[in-house]
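Asker: Chains as they are written, first to last, in the working numbering: chain A, 107 to 395; chain B, 107 to 395; chain C, 107 to 395; chain D, 107 to 395.
If you are wondering where the hints come from, they were derived from the structure by calculation, not from laboratory data.
Only true hints are included.
Pairs involving identical chains hold if they fit within one copy or between any two copies, as the list cannot separate such chains.
Below, computed lysine to any residue pairings styled on SDA-like, alpha-carbon distance capped at 20 angstroms:
id, residue 1, residue 2
1, K345, G209
2, K345, D205
3, K345, L208
4, K345, D220
5, K345, V207
6, K345, P204
7, K345, R224
8, K361, F309
9, K361, A348
10, K345, N201
11, K345, V200
12, K362, R115
13, K362, P175
14, K362, P305
15, K361, A179
16, K361, V120
Protein chains: 4
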Amino acid sequence: MHLSHIDLRLDYEVDAPAHLRLNIEATRTGAQTVLSETLSIEPPPVRRQAGCEPDSGNRFVRFDAQPGPLTIAYRATVRRPAVHVPATLPEVPVNQLPDAVLGDLLPTRYCESDLLARCAQQLFGDLPPGIGRVQAIADWIHESIVYVPGSSDSTTTAREVFVQRAGVCRDFAHLGITFCRALNIPARLVVGYVWFDEPPQDFHAVFEAWLGGQWVLFDPTRMAPVDRLVRVGTGRDAKDVAFSTIFGAVRMTDKKLAVRELQDERVAPARTPAPSGELRGIEKPEPVL
Amino acid sequence: MHLSHIDLRLDYEVDAPAHLRLNIEATRTGAQTVLSETLSIEPPPVRRQAGCEPDSGNRFVRFDAQPGPLTIAYRATVRRPAVHVPATLPEVPVNQLPDAVLGDLLPTRYCESDLLARCAQQLFGDLPPGIGRVQAIADWIHESIVYVPGSSDSTTTAREVFVQRAGVCRDFAHLGITFCRALNIPARLVVGYVWFDEPPQDFHAVFEAWLGGQWVLFDPTRMAPVDRLVRVGTGRDAKDVAFSTIFGAVRMTDKKLAVRELQDERVAPARTPAPSGELRGIEKPEPVL
Amino acid sequence: MHLSHIDLRLDYEVDAPAHLRLNIEATRTGAQTVLSETLSIEPPPVRRQAGCEPDSGNRFVRFDAQPGPLTIAYRATVRRPAVHVPATLPEVPVNQLPDAVLGDLLPTRYCESDLLARCAQQLFGDLPPGIGRVQAIADWIHESIVYVPGSSDSTTTAREVFVQRAGVCRDFAHLGITFCRALNIPARLVVGYVWFDEPPQDFHAVFEAWLGGQWVLFDPTRMAPVDRLVRVGTGRDAKDVAFSTIFGAVRMTDKKLAVRELQDERVAPARTPAPSGELRGIEKPEPVL
Amino acid sequence: MHLSHIDLRLDYEVDAPAHLRLNIEATRTGAQTVLSETLSIEPPPVRRQAGCEPDSGNRFVRFDAQPGPLTIAYRATVRRPAVHVPATLPEVPVNQLPDAVLGDLLPTRYCESDLLARCAQQLFGDLPPGIGRVQAIADWIHESIVYVPGSSDSTTTAREVFVQRAGVCRDFAHLGITFCRALNIPARLVVGYVWFDEPPQDFHAVFEAWLGGQWVLFDPTRMAPVDRLVRVGTGRDAKDVAFSTIFGAVRMTDKKLAVRELQDERVAPARTPAPSGELRGIEKPEPVL
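Next comes chain A alone, as it looks inside the complex (with noise of 0.2 angstroms):
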C-alpha cells in the first residue's frame, strides 16, 4: 500500500461566460482509496454539479464561470492499490469475453485499429499470445516512439504517431492501445497523477488490457512505475478523459502540480506525531464533496 499526496493548482481567465467540466478528482472505485481531499473554485460558482460516471467511475464537476480570473485548486491523499501482476496471464478468446468489454475492441478517434490491423498483425502476430505479448507491444513502443514535447497535438491519432514516430504519453499509450484493439485484445486508456523520479510533475496517461479476465496496466514511456498512478480517468481514449472541457472563452494561465509520495502510516505504525500535533505528510482528513 501507497500514499499519495496531490497539490493541483489550475488559473484561468475568463473571458466571457463560459461552462467547465473539470475531471480532475482521483477515483473512488477499485482497490483506490481517497482518505481526504478537498475542491475548490474561486470565485465560487452559483451552481456546481458533481457527477461520477456510472461504467467508468470518472467523477466530475460542471460549473458556469464568469469573466475574470479563475482558480482550481484539488488537494487529496489516495491511497494506491498495490499492484501484483502475475508473470503470466492468457489473452481472453473473443467469445469470452464479456459484453462489457468487446467495446473496448473497437476503433476511436485517436485509436484506428481498423487502419492498423496488418501492422499490428505483422509486428506481434506470431508472438504467443498473453501477457507477454502485451509487453512486447509496450517494449516495441518504448523502443520505436521518441518522446518528444510539442510533436503532437489535441487532434494526432495512433496511426500518426506510427508513422511520425514521435509523440507524447498519451501518444504512447494511444498505440498501445490501438495495436491491442487490432489483435483482439481490449484495451483502454487511463490517465491520472505520477510522481515521477524528475520533475516536473504533470498529468500521465498509460493503457490498460484485457488479461486473463482483469484489467492490466502498461507504460510504455517507462517514466514511471504504474503503481504509482493516482486514477483519475478511464475511458477508451482521450477524448474521454479531458481533465477540463470548455465550452467558451478561457484560457489557462497557470498550471502547477506537485505530487508527493507519503509514507503509509499503517507500514509505519510507531510514528508518533510531532509535538505541533500536526500530522506530517497526511492532511488533515477534510470533509469530501
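Following the hints, put chains B, C and D in place on chain A, whose structure we already have.
Answerer: Coordinates of chains B, C and D only, in the frame set by chain A:
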C-alpha cells in the same frame, strides 16, 4: 402509427471456427414496439447469448460458428412510432445539457468534429440556433455530397467525406453528426430498416440531434421519410452499431432484405384474430404476416 | 541483348469532345532501342501532336477526340539493354550529388519522404550505405507489403501503403522511392511493359535509385527481372508518368496487352529464315511515326 | 518600374559537417532586373557552387559548412517589373495548353488537386471561365481561411488547409494552386521578398495561374500588392522553392530581413542628390558574383 414487416436473410460461408455478434433486431425501447419476431440461426449454435446494451437499448446475439454454411434469418413485425417534429425546437445551451448527452459532443472514429470545427462555424455558425440550423446542415449535405455507392469504405471518416464530396448513407449521417457536435449540439447515429419507394431495400443510416430536450431524426440523403425507420441501433458512430461483428474467417455469400409497409390493425379494425386464438405480437413464433 | 514485342490495344468510348495525352511509347533514350513501332488512333484525329519531354525522354501524343468509339493501338519491337548491376555500388554523399538529381530527393504527391523520415531511419538507418541498403529496402517492402489488387487507388500514397501494408506495383515502387529519399538517396519511378511469366500482362512500375553515379533499377514486387522492362516513362512519381491523361468524358471499355520475348537475331545469327520467308518473331520493320 | 532593396542575414550554428543549398537570390529572368547584389558566406566555404535551374530560373548556391557559427548575408537592389494585369483574360482550353505548362496541372506534395476536384467544381465550377474565376478563388481563400501563424508546418497540405481553415501565406497559395489545377488551369507557386506596410518583413508566397497565354500573379492573403514581389523562386509547390535545404545538423539562430522600397532614379531623374552627396536609397553598385 405504422407497421413494418422485416424479412432479412444473411448467408455466410464459415471457413474456420468463428465468433459472431449480430445487431439486427429491432430495439424495444421508446415508442417502437416489436409485435412479433423470430431470429433463427442455421445450424443452431450450441450456445446463443442474447443481450441488450443498457444505455442504447441495442440488442445483440453472440454465438460461435463452425465451418460450413451459416444462415441467419430475422423476421419481425414492428409498430413504429409516429414522428411529430415541432417546427421550432431550441438548441440546449451546453450548461443545461444533461450529463448523459455530453458525451455525444465528443469526436469519434468517424466523426472528427474537432477537425471540422472551423468549417462548421463558417457554414452554419451564423444561422439562428435551433432545429432550423440542424435542418440547414442536413440540407447542405444533401446538396453538397453526391451519393455514390462504392465511393467510401469501412474506414471513411466525415473529414474525408467533406473533402471528397461523395459517400453513402452512413457517410451522410456521419457528416451531419460531425457538424452538429462542432456547434455544441449533441448528435448520434441511428441505423435500421427503412422501406424505400424504390428497391433495393437495405440497411439505412440517419442521424439524430438533441434539440429542446429530445432526440430528433434527420436524413440528409432524403431517401425516405424518417418515420419509416425501424430502429436497430443507436450509437456514437458506425463502429457502435455494426449489424455484424465477425471474429474469424467468415464470408458473406448472400444478403436478402425485404421491408414492407403493413396496414395498422387499428387503422383496419375489421381484421379478426385467427381461429387458433394465438396472441399476436408475442414472441411465440408466428406465421409471418 | 534482348528483344521485346509489345502489342497494346486500348478501346475507349468518348461521350463528349475530349483531349487526350498518351504516354505509351517506348523511350528512345539510353541503351534502349526501338527497332520498329506503330501507334494508330482510330478514328484518326484531325491534329496529332507528338513530343518528347527533354529531361525524362518520355514521349507523348496529344490529340482531340470526338464522341464515339476510339481505339488506340501501339505495336513495337524494342531492344532492351542488358542490365549489369555491380555487386557493390556506393551511395553518393549529398554534397557530391549532381544538381540534376537533387530534385529526386524531394517529397512528391505520392512519396511523402518527409513524413516517413523517422521510419526510414529506424528501419534502414543503421545499415551500411550502398546498393545493399537499397536492396534491403526492396526486400523489406517485398516481405512487409501484401500485393492486393484493388487495395489502393489513384490517390494512394506511400504513407498510406506503409500503414495499410497492402498495394500494387506502383505502391511498392512509391514506398521504395520514399524510403530512399528519406535516406538522401535520389530515387524515381519507372514504368513500362514487362513480360511476366504468368499472365495477365500489364503495365508495370518499378523504381530507380541513384547509386555510384548511375540509376539502378529495383523491383520490390519481384514479379519479373528488371531487365525485362521496356521503359515508357520516368518521373518523380506516378503523376508524372500516367499512360493516359484524359480531359473529358471518356471511358475505357477494353484494354489488351501482349508482351512477348523475342530472340535477338544478332545473338542468334545462324538462324535461317523459315521456308515461308517470314521472320519468326520479328515484326516487319515499319516506318516509325 | 520600381526598385526594391533587400537586406537579408541568416545566422546558423553548425553542429556537424553539413551541406547547404540556398535559394535566396532574386531571379534574373523575365522583366525583373538585379541591379546589384552580394551574397556573402562567413566563414567562406572552400568550394561554392552556384547555378540556375534551366526551367524555372531559380538560382542556387551549394556549399559545405564546418562546425561553428555560419552567417549568410544577401543584399540586392532589384528593379521589379510593372505588373499590368488585363481586366479580362481567358482560360486556355487544355487542348491549346503548351506542353510546358501541362505539368502545372498535376497534383503535387502540397497541392492534392485530385482530392479536392469535387470541392473545386462545387465552389467555382459554375463561374464563367477566365481571370475572374481565379480572382474568385483568391477571394474565397481570403474570406474562408484564417491567417494564423503556427497553424501549419512544413508538412501541411492544401487539403489540410481546406479542412482546418487556417494557415500562413504558403498555405493560402497552395490552396489557390490546388483549386486552379482542379479546374484545369495551370498554376504554380512563387516565393520572394515583399515589402509589407507593416513589419515584420518576411519571405512571402503567392501563386500564379496561366491565363490568356501568360502567368498572372494572385495573392490570396492580400498582405501586399503583387507588384511588390521580388521573385526568388518559382515551382510546382513549396518543396521546389525552399529558401534553404540543409543536409546535416544545422540550427538557425537568427534571421533578419529588411525590404525597402526605393525610388527609381530613371523614373525620377530630376531628383537632386541630398546635400551630403549620398544617393538616398540606392546601394552603391557592387560587383555581382
